[in-house]
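Asks: Chains as they are written, first to last, in the numbering used here: chain A, 2 to 319; chain B, 2 to 319; chain C, 2 to 498; chain D, 7 to 306.
Source of the hints: derived by calculation from the structure; they are not laboratory data.
Even for Gly, the Cβ is constructed at its ideal location relative to N, Cα and C.
Certain hints may be false.
[Said to hold, decoys possible] Here are the simulated EDC-like pairs of lysine to aspartate or glutamate, each with C-alpha atoms no more than 20 Å apart in a straight line:
(1) B:206 - C:89
(2) C:369 - C:348
(3) C:74 - B:213
(4) A:38 - D:194
(5) B:214 - C:107
(6) A:206 - C:348
(7) C:321 - A:213
(8) C:444 - C:256
(9) B:15 - C:142
(10) B:38 - D:194
(11) A:190 - C:359
(12) B:206 - C:107
(13) C:305 - A:159
(14) C:321 - A:202
(15) A:214 - C:325
(16) A:206 - C:107
(17) B:206 - C:72
(18) B:206 - C:80
[To be verified] Have a look at the derived ranges for each label pair, beta carbon to beta carbon:
(19) A:122 - B:94: 49 to 55 Å
(20) B:305 - A:165: 51 to 57 Å
(21) A:98 - C:381: 52 to 58 Å
(22) C:310 - A:98: 51 to 57 Å
Read off the chains here:
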Amino acid sequence: MKISKVFKGFSMEKWGPLLALAILFVISAFASPYFLKTRNLLNILRQVSYTGIIGLGMTFVIITGGIDLSVGSMTALVGGIGILVLNAMGGGPWAILVAVIAAIALGAGFGAANGIIITKGKVAPFIVTLGTMAIFRSLTLYISGAGEFRSQSNLFPEVGMGYFLGLPNPVWIFIGLAVLFWIILNHTKYGRYMCAIGSNERVAKYSAIKIDKIRFFAYVIVGITVAVTAVLLSSRLNSISSSNAGQNYELDAIAAVIIGGTAMSGGSGSIFGTVIGAIILGIVNNMLNMLGVSPYLQGTVKGLVIIGAVLIQRKNNK
Amino acid sequence: MKISKVFKGFSMEKWGPLLALAILFVISAFASPYFLKTRNLLNILRQVSYTGIIGLGMTFVIITGGIDLSVGSMTALVGGIGILVLNAMGGGPWAILVAVIAAIALGAGFGAANGIIITKGKVAPFIVTLGTMAIFRSLTLYISGAGEFRSQSNLFPEVGMGYFLGLPNPVWIFIGLAVLFWIILNHTKYGRYMCAIGSNERVAKYSAIKIDKIRFFAYVIVGITVAVTAVLLSSRLNSISSSNAGQNYELDAIAAVIIGGTAMSGGSGSIFGTVIGAIILGIVNNMLNMLGVSPYLQGTVKGLVIIGAVLIQRKNNK
Amino acid sequence: MAEKILQIKGISKEFSKVRVLNNIKVDIEKGEIFGIIGENGAGKSTLIKIISGLYVPTEGEIYFEDKRITEFKPQTARELGISLIPQEFNLINELSVFENIFLGKEYQKIILLDKKRMIKKSEELLAMLHTQIQPTDKIQDLSVAKKQMIEIAKALAYESKLLIMDEPTTVLTGSEIELLFKLMNRLKEKGVTIIYISHKLKEVREICDRVMVLRDGQQIEIEDTKRMDEHKMATSMVGRELSQIFPKKNQPEVETVLRVENLSVKGVLEDISFDLKKGEILGFAGLVGAGRTEVAETLMGIRKKTSGKVFIKEEEITIKNPTDAVKHSIAYLSEDRQGTGIITTFDIIGNITLSSIDNYCKLLINHKKEREQAKHYVDSFNIRAASLKTRLEFFSGGNQQKVSLAKSLDTKPDIFIVDEPTRGIDVNAKREIYRFLTDLASKGISCIFISSELEEILGMCTRVVVMREGKITGILSEKELSEKEIMLYATGLKGVA
Amino acid sequence: SAEKLRIGVSIPSADHGWTGGIVWWAQEAIKDWNEKDPDVEFFLVTANGPAKQVGDVEDLMVKGIDALVILAHDSAPLTPIVEQVYNEGVLVVSVDRGLTKPVEDIYVAGDNPGLGRVSAEWMANELNGKGKIVVLEGIPCVINSERVDAFNEVMTKYPGIEILDSQPAYWSTQRGLEIMENYLQKYDEIDAVWAQDDDVLKGVLQAYKESGRNDIKFFLGGAGSKEMIKKVMDNDPLVKADVTYPPSMIATGISMAVMSLRGEALNGFYQHQIPSKIILAAELILPENAEEYYFPESIF
Ligand SMILES: Nc1ncnc2c1ncn2[C@@H]1O[C@H](COP(=O)(O)OP(=O)(O)OP(=O)(O)O)[C@@H](O)[C@H]1O
Ligand SMILES: Nc1ncnc2c1ncn2[C@@H]1O[C@H](COP(=O)(O)OP(=O)(O)OP(=O)(O)O)[C@@H](O)[C@H]1O
Ligand SMILES: [Mg+2]
Ligand SMILES: [Mg+2]
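Pulled out of the complex, with its shape left as it was, chain A reads as follows (with noise of 0.2 Å):
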């Protein structure tokens, strides 16, 4: 059953996210006018974008056969605490840089947090993610009073609005990072490792690799790319909402890896899958409003189309 899926059905694994990906294009051209506008397709990749950079660290996490629950609440006080560094700093050019350096250090840092306990505490990644989510929100909250973290400079907006060559700088980033990490995944051996400690822990401790070391990597990994998010995300809406802002990334970039194809049971993954699937949820969300499905209903049609476009990947495997 399984064995002959997976054989017959190789190329589909590579392929099917894309599949999905085309058909749903196709069907929203079809259905809004103002899909195609090249504002609109603009509009969904640097929406998709901020989700779609924390998906990519989290298909590491996933491969070693993790998950991270909290880097939603992670965006929000990274967020928060670079916009204090920036107004600490004054706002210049050069706040703005040494901003981006501490929250990437910062997110680095609550990565390894969890990570720590995760490998050395042997605590499943579900319950500590878990438990940092309530931790790293109360935190935020805790440091704003409840409120907003405002930035008083405004040149930091540049960074998450601007444009270059035509694509919004959020854009660019999440390519960047894309292109990288499919090469640290297929072409480093700290991917080979991560794929072998997801699919056989005992084999992989036969075989020499440091596995706790590893996937305390994964965390970190996953840390700094919450990081670069929440500098994307904050410079562009110029402030951080302690109660809320984030909420249910884990969620959306949880579930752009899996559209992708990666398996929730680790041991292999795709990079470029997982950006095909934040892309799916970007026009999902966009068709939402352009069709103006009733508010209420928005969550079935969100829910049936995520189903679908794993369904169909599997389906087609027959």
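Based on these hints, arrange chains B, C and D with the ligands on the given structure of chain A.
Replies: Showing chains B, C and D with the ligands alone in chain A's frame:
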């Protein structure tokens, strides 16, 4: 490593959750004079029954290596429709009976829907239930126009509010179901098969176990537990709010299961542990209020306790 | 002419257009022991997987007791009374021994499990197999040999008419094998039919009434074993004459590369002391449970030693984990290939370079170099695979074993510990591997050769360490070497036990 | 047709009772206008967070709109995008949650601090300036802080009144129930409860009922759900009043957008334009005026 852990820490795996509970209990008793009041303890027990009951079903799903994120919104949908049935039937004793039966049928049905897509469609449980989570919620909003389902029965609240031999009804039902589920897990073929599938699907297949059937029923069962909770909850409040009834139940239920020592990876689990896990969560919430922890920092404390509760169990293995 | 229990009529099987079985025709008689032999990848396991309902044949029909099998499902096979001991372990680590033995066929009181009865029955079975396994043990903590015995118990746990065994003796030592054969004969008398797959041709000849030879999915011949000898079988399997199977032994140099002093692991090993010369192939013999695997695992840092010293080139070293071991260029070929040897969801390349990836990348992996190395191994061990990109889960058992061997070899070790290296490997490939190891030795690489096949120990080793219950009972020099001598030490009749 | 008025409405999705009310009222208003005036076209989008809402507004801009009616999830995050919209010459009506820059043409809002203040004053009077109060807050966020801070500020004027405790009930009935259960354990005497929100109050009353205690003199919710207004109407001894924070304000905002585009004035107003700031008073509902606030068909 793993070997030696299983080897030495065996009893710990069994008693870890209880130890964690004991510690928390003692701390709470000293921290707050109100904690040990019978009334307070009863409140805690009743408060945990709702997610605890779902946690029982969730334990099964997780043992089979799956997960169900849709339980929260399913609670709202089932509860809501249950109330509609109740009102339609006129709110008398018979109406209540019919409504309860209808609710359970619905819960089983929705669970079956999840199960079918997961087993026949071969889609990852995470993604399927992520989808149905959105779908159920949106249907609830749709049916009620984002408003509230109010029961016109003044008999109905008795079900959820009443006491029996000094214990609130929900607690009795929680205990009853826990015992039932414990028997199913440890003393029936079905329980055995769930473990087999969760730990090694190939082997299960070689052993002529009907994998899909077993997994399918796990989701039906969790659906039924959701229905029970939905009934108890709606009768307690004599209403269901479409927008936030059952919100985050999935997280509480899963947390209870894992704090209870069931492995996220499936293959084995403990109903007893889940009950303990639920109570631990209940005590935490209770203490946060009793000690008047700053609203902003409550999340931090809760997160720390959740991680700590699991960490204790691991650490003592060494 | 006895009645036919199983009729296989023109069975063929294709995996993604690749034909691995072609038009197999055979009738198997009630109460016979029917042997199937063939090179790795010949199609033996595939055939019996079809019979036991795990694969659906591409063409052909199967009749069981003159009734045509219409749906190929494990469930139906079981209902018909067909039970299988698969080539790879099929045990649930989380469950206990008795739970595994009765998995899928539990005894029940009304709807509740009847654990007492299952435990009792398991005790009987295990006693019958002379193992000291407790029904309530956890599978996880058992050695492969014990797992194998449990697989056998599992198959015996309920009355079956047709019992299929796919290489059940690969990790068993002589005594267990004898025991198994006794059992098989007893079943035979009870009228149970047995299909027996093995690469140990001596056993096949000893136990089977008839034997079928497969080559590349083709059915070559079906012969009465009386009219076959091992040589004939081998030639018919391979399709050509096979020269002498063991190469000429290589004489080790005087320099000691590895010295172990009073190595102990609580409850498993006690005072293990031996030394290994440059270019030596040092045999480790012993009965199941002797602790040979544990010696290897401890040297690799997989098990924590409780006391003792390890010297390499006369300087003491500490190995805390496999990484350290590899740093000191020690490599280990595990006896449990799927459990600890290879990653079945990886392709050949990914597996072979898993421990040695550093030799293939600066910053980025040099895929070309990887592929060439993989090709090299594929040729030298003639590994049968659809392509280099095929996942190992689709390989035949023996071919998986070859990959596993290549993987540990690729770390370019000075000290190479092999645990049951030829497990499930056909005669021809065995020859290759023996030659290969001897070449390594002549190049000055030392090898610890753990095996349960005395024949190959005698054929390969210049010195043999014999273990019993976690202790070394004797170290036999080349002159003293003989099957009888080894068994005396292994059973504790000789040497300090 | 081309000269049709195109109006985008961007609001939070229904994640608790009040936002549920917002979604409902938005759709009501759109229905009304569609009947009244075929030449207006509405695009309604709902967001579960500020980032999504920014995306929603971007989508609306792609569609091309003459007016944007927006109830921002949060002020600062939405300001930049709304500024863009404003600069592109679209009429912006911002409802309830102010933006951090003056980038709206019309501002319609409930009075969050007002709600806190009115509640506090009424309660203080009822208690004659002395007694013990417990508070159940909403989701920790700006609005909640505005209300609670205003409430506490007023209370400082009444030394006789002691605020025993103040915990977040997340505007959820069940959380309200649980928090109140704990309060009832913790405090042997409570004179009054401020639940700030009628959803929460519902749970609070349930908990009180179950506790069988009778020391609490009265309860005050907020936002004016029809259920609580009914209680006030029926002279419920425990719920003697309610304070409005009407979700219908979104409907008002939508009407203002249409009228202002049509160049209509509010009748009774001598000015030609729609006022640029409309603050809906936090009105105190008492038994004598409760009927006027009671809409049985409303969902909130
Ligand atoms: N599930 C599968 N998918 C694709 N190819 C397969 C699958 N199973 C086996 N094969 C191929 O079929 C051929 C026969 O495999 P099989 O396991 O029957 O060999 P075997 O005779 O058992 O060899 P061995 O002695 O090594 O066990 C091999 O070339 C193998 O690669
Ligand atoms: N993972 C383990 N944990 C604890 N004890 C173990 C473990 N593996 C093996 N043992 C015990 O150690 C002893 C030796 O194990 P094992 O049978 O592997 O030795 P061996 O000489 O390698 O046997 P074989 O002939 O199968 O290689 C046995 O008593 C076994 O039960
Ligand atoms: Mg085979
Ligand atoms: Mg061994």
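Asks: Look at each hint and say if it fits the structure.
Replies: Checked hints:
1. B:206 - C:89: Distance ~14 Å between residue 206 of chain B and residue 89 of chain C Cα, so the pair holds.
2. C:369 - C:348: Roughly 15 Å separates the two Cα atoms, so the pair holds.
3. C:74 - B:213: Judged against 20 Å, a Cα distance of about 14 Å means the pair holds.
4. A:38 - D:194: It is violated: about 65 Å lies between the C-alpha atoms, which goes past 20 Å.
5. B:214 - C:107: Answer holds: residue 214 of chain B to residue 107 of chain C is near 17 Å, not above 20 Å.
6. A:206 - C:348: Distance of about 18 Å is within 20 Å: holds.
7. C:321 - A:213: Distance ~15 Å between residue 321 of chain C and residue 213 of chain A Cα, so the pair holds.
8. C:444 - C:256: Distance of about 14 Å is within 20 Å: holds.
9. B:15 - C:142: This hinted pair holds, its Cα atoms lying about 18 Å apart.
10. B:38 - D:194: holds, 12 Å
11. A:190 - C:359: The hint holds at about 8 Å.
12. B:206 - C:107: holds, 15 Å
13. C:305 - A:159: Measuring from Cα to Cα gives roughly 57 Å; hence the hint is violated.
14. C:321 - A:202: Holds, because 18 Å separates the two Cα atoms, which is no more than 20 Å.
15. A:214 - C:325: holds, 15 Å
16. A:206 - C:107: Judged against 20 Å, a Cα distance of about 35 Å means the pair is violated.
17. B:206 - C:72: holds, 15 Å
18. B:206 - C:80: Judged against 20 Å, a Cα distance of about 15 Å means the pair holds.
19. A:122 - B:94: 49 to 55 Å: Taking Cβ atoms as reference, residue 122 of chain A and residue 94 of chain B lie about 52 Å apart, which means the hint holds.
20. B:305 - A:165: 51 to 57 Å: At roughly 43 Å between Cβ atoms, residue 165 of chain A and residue 305 of chain B fall outside 51 to 57 Å, so the hint is violated.
21. A:98 - C:381: 52 to 58 Å: holds, 56 Å
22. C:310 - A:98: 51 to 57 Å: holds, 55 Å
The structure shown violates the earlier hints numbered 4, 13, 16 and 20.
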